[in-house]
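*Asks:* In case you want the letters, here they are:
There are 2 protein chains.
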Amino acid sequence: MKLVTIEDVRAAADRIRPHVVRTPLLSARWGDPERPLWIKPESLQPIGAFKVRGAFNAVGAVKDRASDAVAYSSGNHAQAVAYAAAAFGLRAHIVMPKETPNIKIQATRDLGARVVLSEAGQREAVAAEVLAETAGAMIPPFDHPDVIAGQGTIGIEIAEDLPSVRTVLIPVSGGGLASGIGTAIRALCPQAKVFGVEPELAADTAAGLRAGHRVDWSIEDRNRTIADGLRSQPSELTFAHLQRVLDGVITVSEDEIRSAVRELAYRGRLVAEPSGAVALAGYRRGGTPPGETAVILSGGNIEPQMLRQILAEPVPG
Amino acid sequence: MKLVTIEDVRAAADRIRPHVVRTPLLSARWGDPERPLWIKPESLQPIGAFKVRGAFNAVGAVKDRASDAVAYSSGNHAQAVAYAAAAFGLRAHIVMPKETPNIKIQATRDLGARVVLSEAGQREAVAAEVLAETAGAMIPPFDHPDVIAGQGTIGIEIAEDLPSVRTVLIPVSGGGLASGIGTAIRALCPQAKVFGVEPELAADTAAGLRAGHRVDWSIEDRNRTIADGLRSQPSELTFAHLQRVLDGVITVSEDEIRSAVRELAYRGRLVAEPSGAVALAGYRRGGTPPGETAVILSGGNIEPQMLRQILAEPVPG
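One line per chain: the protein sequences are A and B, in this order. First residue of the first sequence: 1, per full-length UniProt numbering; consecutive thereafter. First residue of the second sequence: 1, per full-length UniProt numbering; consecutive thereafter.
Please keep in mind that the hints were generated in silico from the structure rather than gathered at the bench. None of the values given here were measured: they were computed from a predicted structure. Do not rely on the hints blindly, as some may be mistaken.
Identical chains share a label here; the pair holds if one copy fits it or two copies do between them.
[As the list claims (entries may be wrong)] No more than 20 Å apart at the CA atoms, straight line, and that leaves these computed lysine to any residue pairs for SDA-like:
(1) 104 x 267
(2) 104 x 91
(3) 193 x 46
(4) 104 x 31
(5) 193 x 34
(6) 98 x 156
(7) 2 x 212
(8) 193 x 25
(9) 63 x 132
Pulled out of the complex, with its shape left as it was, chain A reads as follows:
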């Protein structure tokens, strides 16, 4: 299997540069003195999540031979593809399950996309139909080299801003983000350790890496976590990357995730969605090596009611 290379990630950085925010790497002075903490706030991207990086790279790669971009997602990937397609002048068709909250459907339409509703479990089939109708290009959420390379541009920026980084902590779901960043960090900061972070309630990648092959958790099990962006599982392509680039996977509890959302708001002045806060939760869990530590805050799309609820919870200890 051909894996993404640092050259692929560099090419992605050149391609997406005009379209994404060069997020600062923020020194969080309140971290553990033995492991100085840095936060990469991808919540500040347009649409509020890192997904624009992969979307711009993948849509940019097909824009000269396709007039339509097709994706299936109920989350941040939907808006990322809609946003990138509009920027490149492509029509976007986003397949979403019928039960998707209306606010997300509307946000995707507001970006100019056509939303196609599907029955639960039928998303991929419906997307294939739309693809056949439009002769467009499919932009998958993580299972594609261009998407992985786009997400990897975060790793290049970390290496530029903090060449002495010793540890990088990355949320893992489908694995595109960790595959891309891990590829870049391995190449540019060979001294650094790279850890994925997963909710305990959706820890299929931790189990899979221990077993040496992908492990399937039921969607009912994975749906238990509040981190709704982390309920996917790696593909063969991303799993092969994760096997190569990760030094381990840290799992965190639901309470630790909620606590990390509070820490980011009260100390970091940043609004994170639960999925976006798991890397900080992994840092707080401890056990990572001494030295400069970068955590990826992957997204900030949290419902107002959930944000209010989490912020109102008492801080333990």
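Dock chain B against the given chain A, drawing on the hints supplied.
*Replies:* Just chain B now, with coordinates in the frame of chain A:
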């Protein structure tokens, strides 16, 4: 009176570059289509406010001839001077009123500063005593050309990132921030209009600019606003700058300020203190010219309880 020049601001930018965050200018797609909205999140600076820029420039200017830095402040300036002094190896002495919340005293001490408590109204006298004892340098919160030039570096960054900017909205209190940014924008983006924004309950600068001279509001009046960082009044030096660089001052209500804090959290994924949100409130008030509009989010130091309270309030309309 000698005013700060764009060359002073450029020199400040060179001096502070290693020490401050180059904050991104974030496109807020949900703004008014006629006045595309951009947010400059100075809340992401170390200590959570723009004040580090002026502090680093002013402390950096004296670091070779003073061993101590003295300041009086109960707010963000206290931590900014403590932080900059520590970075340059100077001892910081911060005079704070006795009634300062303990959390702010402790935060200043945590940055390595000596905190000297004073009776209310005695801050400047006590600071003068400390200055005489230490043979240090006084770093005022706004009434100094080096502080104004440091804050002005924000204007250079806006001009770099958005040369076509048509309107810039800046919170006004002592006026150092608006003086500095206004100086830079006038020089680099002559097509742009520059507006200060004040709470209606502390609108002494709006009144002063109308009158053509400084107007004194009682501290009791000014203390009514929730925007506790905007209760100071311009000095002669900053007022002279504001007369030259501002096209006007917009005043906003307390409800509009609270609404802007919510908008920044829910739509911008950024935690703002009330003082930090007034420029967005001024934008929402309307009446500014069409075209690209940059608002300064000046700081994010809000007590958890106040943040929870404001986020829980119903959104009007």
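*Asks:* Have a look at residue 104 and residue 267 and pick one of within, between, both or neither, based on CA distance no larger than 20 Å.
*Replies:* between (28 Å within a copy, 13 Å between copies)
*Asks:* First find the shortest C-alpha distance between residue 2 and residue 212 inside one copy, then the shortest across copies, and answer within, between, both or neither for a cut-off of 20 Å.
*Replies:* Within one copy, since 19 Å is at most 20 Å while 71 Å is not.
*Asks:* Using 20 Å as the alpha-carbon threshold, which applies to residue 63 and residue 132: within, between, both, or neither?
*Replies:* within (17 Å within a copy, 68 Å between copies)
*Asks:* When no copy is specified for residue 98 and residue 156, does a C-alpha distance of 20 Å or less occur within a copy, between copies, both, or neither?
*Replies:* This pair counts as neither: shortest intra-copy Cα distance 38 Å, inter-copy 48 Å.
*Asks:* Given a CA cutoff of 20 Å, do residue 104 and residue 31 count as a within-copy pair, a between-copy pair, both, or neither?
*Replies:* This pair counts as between: shortest inter-copy Cα distance 18 Å, intra-copy 34 Å.
*Asks:* Between the shortest in-copy and the shortest cross-copy C-alpha distance, which are at most 20 Å for residue 193 and residue 25: within, between, both, or neither?
*Replies:* within (18 Å within a copy, 31 Å between copies)
*Asks:* Using 20 Å as the alpha carbon limit, work out where residue 193 and residue 46 are close: within a copy, between copies, both or neither.
*Replies:* neither (29 Å within a copy, 26 Å between copies)
*Asks:* Under a CA distance limit of 20 Å, which applies to residue 104 and residue 91: within one copy, between copies, both, or neither?
*Replies:* within (18 Å within a copy, 52 Å between copies)
*Asks:* I want to check one pair: residue 193 and residue 34. Are their C-alpha atoms no more than 20 Å apart within a copy, between two copies, both, or neither?
*Replies:* within (15 Å within a copy, 47 Å between copies)
In this structure, the hints that do not hold are numbers 3, 6, in rising order.
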